[in-house]
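K.L.:
Which chain is which? The protein sequence lines are P and Y, in order.
One gets our numbering by counting positions in the first sequence from 1 and adding 4 to each.
Oh and the second sequence: position 43 is 29 in our numbering, straight run, nothing missing.
A few of these clues could be false.
Said to hold, decoys possible - Partner residues aside, some chain P positions facing chain Y, computed with beta carbon under 7 Å:
#, residue
1, P12
2, L14
3, P15
4, S16
5, L38
6, L59
7, D169
8, M170
9, G171
10, Y172
11, D174
12, A199
13, L201
14, G202
15, L209
To be verified - One-sided excerpt, in silico: chain P residues whose CB lies under 7 Å from chain Y:
#, residue
16, L11
17, H13
18, I62
19, V173
20, V198
21, A205
22, L206
These are calculated hints, taken from the structure and not from any lab test.
Since the model is a prediction, treat every value here as computed from it, not as a measurement.
For every residue, glycine included, the Cβ atom is placed at its ideal position computed from N, Cα and C.
One letter stands for each residue in the lines below.
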Amino acid sequence: MPTTLSLPHLPSNYRLHIALFTSVTNAAHLHSQLLAKNPEYEYAFIDPSILVSHLQPISACFRAIRDLLDPDVGLRTPNVHSETVFSLSPTHNITDSYRRFGISPSSAAVLAIKILDTSLASYSESNTLERLTSIVEGTEVDFDTKDIRKLTDLIKVKKYYKLKDMGYVDQLYKKKGRNIEEKSEEEAWRDLEVAVLGAMALRSLV
Amino acid sequence: MPPRPIDGTLLKQGAEAHVYRSTFLLPNVPCLIKVRPTKPYRHATLDMRLTKHRCVSEARLLNRCRSMGVLCPAVYFVDEKRGEIIMEWIEGPSVRDFLHDCIDGASDPGKEEDNVDVRLDALMENIGQTIGKLHDIDIIHGDLTTSNLMLKHRENSGTTSEPQQGSQALLTADTSLLDFDVVLIDFGLGQVSNSDEDKAVDLYVLERAFLSTHPRATRLFDIILDSYKRNCLGSAVVLRRLQEVRLRGRKKSMVG
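Next up, chain P with everything else stripped away, as it sits in the complex:
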């Protein structure tokens, strides 16, 4: 089942529909439709291997919708969906952000997000959900942190979000021969999650 959300601090008529797919077979088709700017395929298609938690794509949507509604900021990409992919990036390079965080023709897993204004007359929840689950050909899995972390590519995440300084003090102390408590797996994931969210949040300040 796709996840439906509306976010705090945003007008309640904006709703997110999110679905995560594995064993995807039509990524090349989806990718070509995005390049052709086909409005039928206006979704945020995200490569889940760069995700470390379910908050990360939702936070990108949050940024995208806020920029959309803020007359002083506005979107820097064609629509709110491409802006969502761009918002995952810690840098201002739009082309790079599509390439790194969006899907590629060979993607085997896809996170699809549709952002809609429910106050529009054309909005229909059942149609949207039906279309969302059929547009990607693959196996739908739950959109939660546990399933996302099975797909995470840590090397890519660390490279794209420039996390080489992560845990710097502990490494420094270890080098000096001190005993440093090993972090539990859960703590390490949590550190990674907040580091990624922080890198996304600070993009506008770079």
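Assemble the complex: chain P is given as a structure, and chain Y must be docked to it using the hints.
P.N.:
Frame of chain P; chain Y shown alone:
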């Protein structure tokens, strides 16, 4: 920039910022929103630049600290034009509240004073360690007071089934202070610097704050310094500098 109403409960209102409690993205993610409202008496352009600058520098410091491994609230979202930072919610009492309760508690005839002392010593040790770490990554807090140090229960300590709240919980006999982390908050006056002078002044500010609020503080602050000395890599030079700062006060340049 037009002010926007914040969806959350107002917790504190200072000269510089308003602080709200709210949620980020999902109802189960509590967060703190720090807003620097516009000051109508300031020239609009200057006001915007100051607000933006302070907001940006605070967010950068928080992020740098957290990702390098010093505990502080994580940054979730920044809207520098409106002066808003959405950050992680830290549950727990401030060291200031905790110390007050401890000292009140110790004067109770029913409580064993030794027990409280042992715990306070452990806490001071922890504070010294945290400040040492902060200085080792060349960050100056700028406003080290006991209110800007929080105590957070360690999530995976596994001893408590339900989260305990408030400083009273920390005083109960079966809670060891070792299960608590010291978290630094409010980097509004912080900066990145590797100078011994700045680090010494940071310690001096904490010393003044300590001595003026807590009667038994001299001994406690000595434990902090001792722990800082053992844990911070560059502590020797900083502590020597601290002696000088004590003699002449915080301002070196005597300008302004």
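K.L.:
Take the hints in turn and mark each one as holding or not.
P.N.:
Hints, verified against the model:
{"no.": "1", "hint": "P12", "verdict": "holds, 5 Å"}
{"no.": "2", "hint": "L14", "verdict": "violated, 9 Å"}
{"no.": "3", "hint": "P15", "verdict": "violated, 11 Å"}
{"no.": "4", "hint": "S16", "verdict": "violated, 10 Å"}
{"no.": "5", "hint": "L38", "verdict": "violated, 25 Å"}
{"no.": "6", "hint": "L59", "verdict": "holds, 6 Å"}
{"no.": "7", "hint": "D169", "verdict": "holds, 6 Å"}
{"no.": "8", "hint": "M170", "verdict": "holds, 5 Å"}
{"no.": "9", "hint": "G171", "verdict": "holds, 5 Å"}
{"no.": "10", "hint": "Y172", "verdict": "holds, 4 Å"}
{"no.": "11", "hint": "D174", "verdict": "holds, 5 Å"}
{"no.": "12", "hint": "A199", "verdict": "holds, 5 Å"}
{"no.": "13", "hint": "L201", "verdict": "holds, 6 Å"}
{"no.": "14", "hint": "G202", "verdict": "holds, 4 Å"}
{"no.": "15", "hint": "L209", "verdict": "holds, 5 Å"}
{"no.": "16", "hint": "L11", "verdict": "holds, 6 Å"}
{"no.": "17", "hint": "H13", "verdict": "holds, 6 Å"}
{"no.": "18", "hint": "I62", "verdict": "holds, 5 Å"}
{"no.": "19", "hint": "V173", "verdict": "holds, 4 Å"}
{"no.": "20", "hint": "V198", "verdict": "holds, 4 Å"}
{"no.": "21", "hint": "A205", "verdict": "holds, 5 Å"}
{"no.": "22", "hint": "L206", "verdict": "holds, 6 Å"}
Against the hints set out earlier in the document, violations occur for numbers 2, 3, 4 and 5.
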